[in-house]
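These are the residues of each chain, in order.
There are 4 protein chains.
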Amino acid sequence: MDGERAILLFTSRDREGIIYAITEFIYKNGGNILELDQHVDRENGQFFMRVEWDLKNFRIPPEDIDTAFSPVGRRFDGRWRIEFSSHRENVAVFVSKEDHCLREILWRYKLGEFPMNLKLVISNHPDLEDIVRGEGIPFFVFPKNRENKLEQERKELALLREYEVETVILARYMQILTGQFVNRYPNRIINIHHSFLPAFVGSNPYRQAYDRGVKIIGATSHYVTEELDQGPIIEQDVIRISHRDSLEDIKKKGRDLERIVLARALTYHLEHRILVYGRKTVIFR
Amino acid sequence: MDGERAILLFTSRDREGIIYAITEFIYKNGGNILELDQHVDRENGQFFMRVEWDLKNFRIPPEDIDTAFSPVGRRFDGRWRIEFSSHRENVAVFVSKEDHCLREILWRYKLGEFPMNLKLVISNHPDLEDIVRGEGIPFFVFPKNRENKLEQERKELALLREYEVETVILARYMQILTGQFVNRYPNRIINIHHSFLPAFVGSNPYRQAYDRGVKIIGATSHYVTEELDQGPIIEQDVIRISHRDSLEDIKKKGRDLERIVLARALTYHLEHRILVYGRKTVIFR
Amino acid sequence: MDGERAILLFTSRDREGIIYAITEFIYKNGGNILELDQHVDRENGQFFMRVEWDLKNFRIPPEDIDTAFSPVGRRFDGRWRIEFSSHRENVAVFVSKEDHCLREILWRYKLGEFPMNLKLVISNHPDLEDIVRGEGIPFFVFPKNRENKLEQERKELALLREYEVETVILARYMQILTGQFVNRYPNRIINIHHSFLPAFVGSNPYRQAYDRGVKIIGATSHYVTEELDQGPIIEQDVIRISHRDSLEDIKKKGRDLERIVLARALTYHLEHRILVYGRKTVIFR
Amino acid sequence: MDGERAILLFTSRDREGIIYAITEFIYKNGGNILELDQHVDRENGQFFMRVEWDLKNFRIPPEDIDTAFSPVGRRFDGRWRIEFSSHRENVAVFVSKEDHCLREILWRYKLGEFPMNLKLVISNHPDLEDIVRGEGIPFFVFPKNRENKLEQERKELALLREYEVETVILARYMQILTGQFVNRYPNRIINIHHSFLPAFVGSNPYRQAYDRGVKIIGATSHYVTEELDQGPIIEQDVIRISHRDSLEDIKKKGRDLERIVLARALTYHLEHRILVYGRKTVIFR
Chain A
43 MDGERAILLF
53 TSRDREGIIY
63 AITEFIYKNG
73 GNILELDQHV
83 DRENGQFFMR
93 VEWDLKNFRI
103 PPEDIDTAFS
113 PVGRRFDGRW
123 RIEFSSHREN
133 VAVFVSKEDH
143 CLREILWRYK
153 LGEFPMNLKL
163 VISNHPDLED
173 IVRGEGIPFF
183 VFPKNRENKL
193 EQERKELALL
203 REYEVETVIL
213 ARYMQILTGQ
223 FVNRYPNRII
233 NIHHSFLPAF
243 VGSNPYRQAY
253 DRGVKIIGAT
263 SHYVTEELDQ
273 GPIIEQDVIR
283 ISHRDSLEDI
293 KKKGRDLERI
303 VLARALTYHL
313 EHRILVYGRK
323 TVIFR
Chain B
43 MDGERAILLF
53 TSRDREGIIY
63 AITEFIYKNG
73 GNILELDQHV
83 DRENGQFFMR
93 VEWDLKNFRI
103 PPEDIDTAFS
113 PVGRRFDGRW
123 RIEFSSHREN
133 VAVFVSKEDH
143 CLREILWRYK
153 LGEFPMNLKL
163 VISNHPDLED
173 IVRGEGIPFF
183 VFPKNRENKL
193 EQERKELALL
203 REYEVETVIL
213 ARYMQILTGQ
223 FVNRYPNRII
233 NIHHSFLPAF
243 VGSNPYRQAY
253 DRGVKIIGAT
263 SHYVTEELDQ
273 GPIIEQDVIR
283 ISHRDSLEDI
293 KKKGRDLERI
303 VLARALTYHL
313 EHRILVYGRK
323 TVIFR
Chain C
43 MDGERAILLF
53 TSRDREGIIY
63 AITEFIYKNG
73 GNILELDQHV
83 DRENGQFFMR
93 VEWDLKNFRI
103 PPEDIDTAFS
113 PVGRRFDGRW
123 RIEFSSHREN
133 VAVFVSKEDH
143 CLREILWRYK
153 LGEFPMNLKL
163 VISNHPDLED
173 IVRGEGIPFF
183 VFPKNRENKL
193 EQERKELALL
203 REYEVETVIL
213 ARYMQILTGQ
223 FVNRYPNRII
233 NIHHSFLPAF
243 VGSNPYRQAY
253 DRGVKIIGAT
263 SHYVTEELDQ
273 GPIIEQDVIR
283 ISHRDSLEDI
293 KKKGRDLERI
303 VLARALTYHL
313 EHRILVYGRK
323 TVIFR
Chain D
43 MDGERAILLF
53 TSRDREGIIY
63 AITEFIYKNG
73 GNILELDQHV
83 DRENGQFFMR
93 VEWDLKNFRI
103 PPEDIDTAFS
113 PVGRRFDGRW
123 RIEFSSHREN
133 VAVFVSKEDH
143 CLREILWRYK
153 LGEFPMNLKL
163 VISNHPDLED
173 IVRGEGIPFF
183 VFPKNRENKL
193 EQERKELALL
203 REYEVETVIL
213 ARYMQILTGQ
223 FVNRYPNRII
233 NIHHSFLPAF
243 VGSNPYRQAY
253 DRGVKIIGAT
263 SHYVTEELDQ
273 GPIIEQDVIR
283 ISHRDSLEDI
293 KKKGRDLERI
303 VLARALTYHL
313 EHRILVYGRK
323 TVIFR
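Chains as they are written, first to last, in our numbering: chain A, 43 to 327; chain B, 43 to 327; chain C, 43 to 327; chain D, 43 to 327.
Think of the hints as simulated: they come from the structure by calculation, not from any bench. Be aware that one or more of the hints could be misleading.
It does not matter which identical chain is used: a pair holds within one copy or between any two.
Here are the simulated lysine-lysine pairs, DSS-like style, with alpha carbons at most 25 Å apart [stated by the list, open to error]: (1) K295 with K322; (2) K191 with K70; (3) K293 with K322; (4) K293 with K70; (5) K322 with K294; (6) K191 with K294; (7) K152 with K191; (8) K186 with K139; (9) K139 with K152; (10) K70 with K161; (11) K294 with K98; (12) K161 with K322; (13) K161 with K197; (14) K139 with K322; (15) K139 with K70; (16) K161 with K293; (17) K186 with K70.
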């Protein structure tokens, strides 16, 4: 799977002949399907599909595929987007003081696990500057308080524009983004929340879990929407705890979860495996 | 471990010498410790202990152990209770229409997994009568509505008294018990809630989970308190779902969780492995 | 999904245009695809596909679909089979003395979870007769020893023919079937082995696991081949144990695994979600 | 738990009065028990215990505790050792080319999760030198082949002596150590094997797992003995895979397991929570 590939993400009302029409489009233009997955939400009659094909012998140049596909897509009143495997998404990471999610991302990034360009890291604290600069990645600090939040966000947004950032990862960024920021990157801001959502929304979820006496803790990666911790869930995982685990132990176990869950969510995102509908996600993997 | 055993459950402020004092009491009276577990909640300075010993050569007759232990227990201002392995708890099961938890309990009961006497089954519906009577267990129906609830509960309570019931299992009983009932059996009513509490409190948790788009569902067994689904959690477990799972699939997967989680919680309860403090549990296993 | 549906399971060398050709066949004959999944084994260049479609408006009668599809299938040198949702597989269950897997199957069968007809139960011991006959299902005993094994198997095979059995479930059947039996039901005999295969092949896997000191035990459901415990794996699951678990505890935990794993494997089989290639399986779910 | 603590690990034939005698020793000398756990292997009648106590008011100086305890220990024919929380074990890490386990150890080490001194890293390849030296840790390369193995090991052993190393971690070290090495560090060499042992002993376990078509893969951390991959298991964990996972995907998933499993095993070791008996471990946590 080394050559250039196209990925079509498509959704529409469920109707007969969609898969046929799409595979016909690909086949008749010389494309070889590498992966195809589809899903129908029977409750709502909605159709979802992801198809990935080899462009080696495909007769339509990449820049024209969307236009060429339009008649097919419109026939089914669909919404779609077309991605290319050679395109590496420009990504910004937001952090605060905790380094475990940042380190995980940096390590996997260097290993080549993430098809992205890590353009810059933004923080509200200077603490993690050395780790980031040590990897040759620009690091910016925008301290925030109630008064300057909107202003600082505007500067951050300007920076993201400058670096042509397409996806934002909140790697334990302990600030709530306002609507002006969130709405600029719909389904393009990935957060890791350190609880099994929807349990323990908001701050100090491990403390909440500890006080409630749960026997299992979790971590949740989701797209950020204006409503706190309510965005579409991408991935979750859990680990068992017991009365023996102090709050500190829980945090330690939780850190390991957070790293893995965020990494998985980011992979699905970068490989264009996620279709959002309403507040839910279809993950084609 | 076939002979008669005593089990001491003990809690007090944490102080030096508790374990020594308790093991001295057992050893000097000829008891052989089979299992000992302890825990200190460092945040609150509370000590918990469970110790199980062989009574074969124990010089204090069972009925006098509590009195004999009192000076030790009082020295540490402790609260404790002493249980005996030969005592089989009298249990009532409450059900509605769904049979999976009931069947699981009946099957394991017959296998000898639960050291209890299943005295009777109470339901608000007649549906499961055949299953219960087929096992030679009395079955009673108390249909409930807003008007007759308190009155029906009083009849149920009278029946529980008559059968000398000590523990009540709500095996998917779809009625909320009132305070008059709950407060008669403090930490003696075990419920299975079909969600990963505290997520999805209340009715239709699978529907809630489906609508929220979570990637993992759970089941929670807890002691019932007056506040709905807020009692001390005994056991939880989870299973992964995906967008492919319809609401019906989720219910099916959930049923398997519920059965296992309730069975585990009941085992811990019947083996006297649970110490409740506040709204949390220490499970010694 | 209540109407009649057809399911095509297809495999061939991977080539361009397969999905297109198959979906064209379905669409042009008036079928509505309900579910489509495909997989390419890149290492071997093998293509696999499962597609399920609604027959309501399909213009080819069920009995002619295979013939009508042949030109498509042959174009790709494929192997395929076509199944129908209305067909309920005839199933025989083999048991010995342990009842937990049998009870699980019976319970789910009554719930309607398994699209099958449970025609008969065969055992080498009379112990479980009452449970089976209580459900109105014929029960036969064929005790086996080294001398009479082949002869008894022949009687069993005759009985399976008589009852038109298509699938055999070994629900903790503690006898090894010989080649004469196994080869009559290729990929149609489902076993549950009480270990995480390939660890602990053969007898007493829980004892083996206990002696080896593993920290996790498992259960494996697989198709039976002539080589003991080497058939294609359908489903596995695991549970954590510790030094506290006695051999008896391990067996108890294992029973819960076995029931769930066997039930899942049987569901995949009955819903025609399994494609076997070599000693591996593709499970489309 | 900030002050100095003593940890006693004790094992003997199971007899009455052991816990009493040990807690008496601690209490009468002014020690406050912080954690006590015990286990009896009923099958073999063997007793195991770990007790941790505060030394603040303990009247026996640390260097005399072992001698002072001897009469108690000998009364029960026990084997024991006494550890101190202030003692940080000297550790060497052995690596080859893969960096994920090494990075995990370095990161947690810096976070303060491991009470140890990472004295040096030894490799048979120079690849990971920069990572190690970047952290200010000495790095040595001893390339090995069939001819020079024993000689190189002798140099490694000399180096370990020089650095007063007490525990060796094989963090994906792809060389088999000979008996001369292994026997110098009994229960003090921790390996991470990238399979769910005892499945897939030896080389290329992910390839073996892939070829066998298992549905779950695992990782195992164990003490190294002379027999390859047969040492006492400390910790295991697993993750689900499917036919969709290529060998490369399996390796990726496996890496995440290995890191976590090795980190847990190392923590148990450094906190003196492991008692080995035969080829099994008791993990007191």
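> For which of the previously enumerated hints does the structure constitute a violation, in increasing order of number?
Replying inline: 2, 4, 6, 7, 10, 11, 12, 14, 15, 16, 17
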